[in-house]
Amino acid sequence: MLLLTALAGCSTMQVKTDFDPAADFGLLQTYNWMPGPQKVTGDPRLDNEILEKRIRTAVEHQLNAQGFQKQPNGTPDFLVGYHAALEKKLAVSTMNTYYGYRAGWGWSYGAGTGPIGPESYTYEYEQGSLILDIVDGDTRRLIWRGSAQTEVNKTASAEKRQVQINEAVKKMLERFPPEPKK
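Under the working numbering, the sequence shown has 170 at position 126, and the numbering climbs by one with no breaks.
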């Protein structure tokens, strides 16, 4: 149950958003969740009630903080859904390890010591992604999408995972609604 929940401590979170420029975001005031369960991924680390509760709590808190009101009955202005994913990644880093002659005041020419040339290092990790979808309450058309991706911290505590989900949701929803057209 590490998910993107463990949205990493030392890696940079990448947040992106996209939206339908024809949508009138100025009319949006009320929301609710998409009906039915979220999509099942087949990965038990993602398909569980604990993670779903963490994500829903973070989204509701942020939307409420931004002035939107949850409307459990009737037709809200917009519906919210999410998707979560984990993907194995491989990072390759190459460094020039030559540390021979370097010009400078008081230095003389001489032979370098140590390895000469570049060395490559590989690092395998899991990248977690959280995608939030905002759908028009009447037409059920996607009008806004936010995504956050970062390296998964497999050893993060439950509290740290909630903090990291909160951060991802906040960074995405800070861009919702998008700036009005000029």
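Read the hints as simulated data drawn from the structure, not as lab findings. Treat the hints with care, since some could be wrong.
What the hints assert, rightly or not - List of simulated lysine-lysine pairs, PhoX-like, C-alpha gap at most 25 Å:
1. K114 <-> K198
2. K114 <-> K132
3. K83 <-> K215
4. K214 <-> K83
Unchecked claim - Here are the in silico distance ranges between beta carbons for each label pair:
5. D91 <-> L71: 33 to 41 Å
6. P224 <-> P116: 49 to 57 Å
7. T101 <-> Q73: 32 to 40 Å
8. S164 <-> D68: 47 to 55 Å
9. T119 <-> R219: 20 to 28 Å
Only a predicted model underlies this, so the values are computations on that prediction, with no experimental measurement involved. Glycine included, every Cβ here is placed at the ideal spot set by N, Cα and C.
- Query: Where does the structure disagree with the numbered hints, that is, which hint numbers, in rising order?
  - Reply: 1, 2, 6, 7
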